[in-house]
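Each protein sequence line maps, in turn, to chains A and B. My numbering applies: residue 1 is where the first sequence begins, and numbers increase by one. My numbering applies: residue 1001 is where the second sequence begins, and numbers increase by one.
There is no bait here: all hints are sound.
In silico DSS-like cross-links for lysine-lysine, where the CA-CA straight-line distance does not exceed 25 Å: (1) B:K1066 with A:K71; (2) A:K46 with B:K1066; (3) B:K1080 with B:K1182; (4) A:K46 with B:K1080; (5) A:K54 with A:K71.
To give a feel for the contact side, a few chain B residues facing chain A, derived at Cβ under 10 Å: (6) M1065; (7) A1082; (8) G1085; (9) N1204; (10) A1205; (11) P1265; (12) N1268.
Source of the hints: derived by calculation from the structure; they are not laboratory data. Glycine residues also receive a C-beta, built at the ideal position from the N, C-alpha and C atoms.
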Amino acid sequence: MTADESREDIHAYLAAFDDIPGTTVFTVARARQGYWINQFAMSLIKPENRARWKADEAAYLDEWPLTADHKAAIQARDYNRLINMGGNIYFLAKIISTDGQNFLHAVSTMTGMSVETYQTMMLAGGRSPDGVRSIKEGT
Amino acid sequence: MARITAGVGTSHVPAIGAAIDLGKTQEPYWQPVLAGYDWSRNWIRDEKPDVVILVFNDHATAFDMKIIPTFAIGCAESFKPADEGWGPRPVPTVQGHPDLAWHIAQSCILDEFDMTIINEMDVDHGLTVPLSLLFGQPDAWPVKVIPLAVNVVTYPPPSGNRCWMLGEAIRRAVESFPGDLKVQIWGTGGMSHQLQGPRAGLINAAWDNRFLDMMSQDSQRLRAIPHIEYLRETGTEGIEMVMWLIMRGALGPDVRQLHRHYHVPASNTAVGHLVLEPVR
Ligand SMILES: [Fe+2]
Chain A
1 MTADESREDI HAYLAAFDDI PGTTVFTVAR ARQGYWINQF AMSLIKPENR ARWKADEAAY
61 LDEWPLTADH KAAIQARDYN RLINMGGNIY FLAKIISTDG QNFLHAVSTM TGMSVETYQT
121 MMLAGGRSPD GVRSIKEGT
Chain B
1001 MARITAGVGT SHVPAIGAAI DLGKTQEPYW QPVLAGYDWS RNWIRDEKPD VVILVFNDHA
1061 TAFDMKIIPT FAIGCAESFK PADEGWGPRP VPTVQGHPDL AWHIAQSCIL DEFDMTIINE
1121 MDVDHGLTVP LSLLFGQPDA WPVKVIPLAV NVVTYPPPSG NRCWMLGEAI RRAVESFPGD
1181 LKVQIWGTGG MSHQLQGPRA GLINAAWDNR FLDMMSQDSQ RLRAIPHIEY LRETGTEGIE
1241 MVMWLIMRGA LGPDVRQLHR HYHVPASNTA VGHLVLEPVR
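Bound conformation, chain A alone (with noise of 0.2 Å):
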């Protein structure tokens, strides 16, 4: 294999990433739009900061450059918006975990069931991959 075999479009290689069905891929532009939500989701990893946090949500938010949009996400747990906006889920993480809840079910929040369905399907042996692989062709 050549270097220029190996090669990846870049533009193709981005455009696929929009045909995974219920999947929002981390790209640069995501992270662009979602730094401030990251960043500010990074600073919960010191007990200082989480002590603060806990004492007053919304006079912390407000220290950093969120918009109100933003700010109402964080503030409902809506994971799946978080992300939409360049949330990252490793970033999230610290949220869940400064709030005690178990990643699993914060994780099934974002599937629209239940949480006792999601570990059912874990159980199972989790989500087949079969007919969620591809928007387009339908697989």
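Knowing the structure of chain A, use the given hints to seat chain B with the ligand on it.
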């Protein structure tokens, strides 16, 4: 001369670390996850490696969005277990091997891999869970560890082929290190899992098992798997499996599979584990 004597692949699911820390390993949920590591714990006790080059990814712990290194090698004397939002895991501080780490860094850079050098880094579950899986709960880890952090969070991560080639460069670097060291390389992360969006919970056992097969049987096909295939078939976080290819590339053309384990689920994730040895 230092030499790479074995490769280990393993998932690094944080919930497994929590299960070990909280003494839940005999619970029916966790017992079959952990049972697949019994063989490996005995094996590594006999093997007694001096150093493990531990390929993992940082999950928004040491690196925030300010700096996103593609390949970062930890050259410090030691690395503390990180506070990921619920306090640090109660596991020993990780002792580095700065002499070998700096040697690998300079060798790889001369070998046209532009490594980022890290002299201060707390290490998250990506690094400490594999250590717990292989060594249990000792007072001190019985090996020195060289952390090699790979960006698999912000796209694009490195290609599988690039990871493979870095593995080859690491092997050349290790073999040019003066001093008789037994070095293992571990690739961690995966297997299939998706932690976000309506498709969360995706698991693809058939694909994962083909990947495990290819690690010892069809490795040239393995290195050509494009990112989009990992995404479609194994979920957004399944991409972590490219890190296994650094380990595999470092073992040379042929390997023997010594041990294999696969289990679904651990939390949202499929657990995979391999022990490989190079065939010379
Ligand atoms: Fe991971």
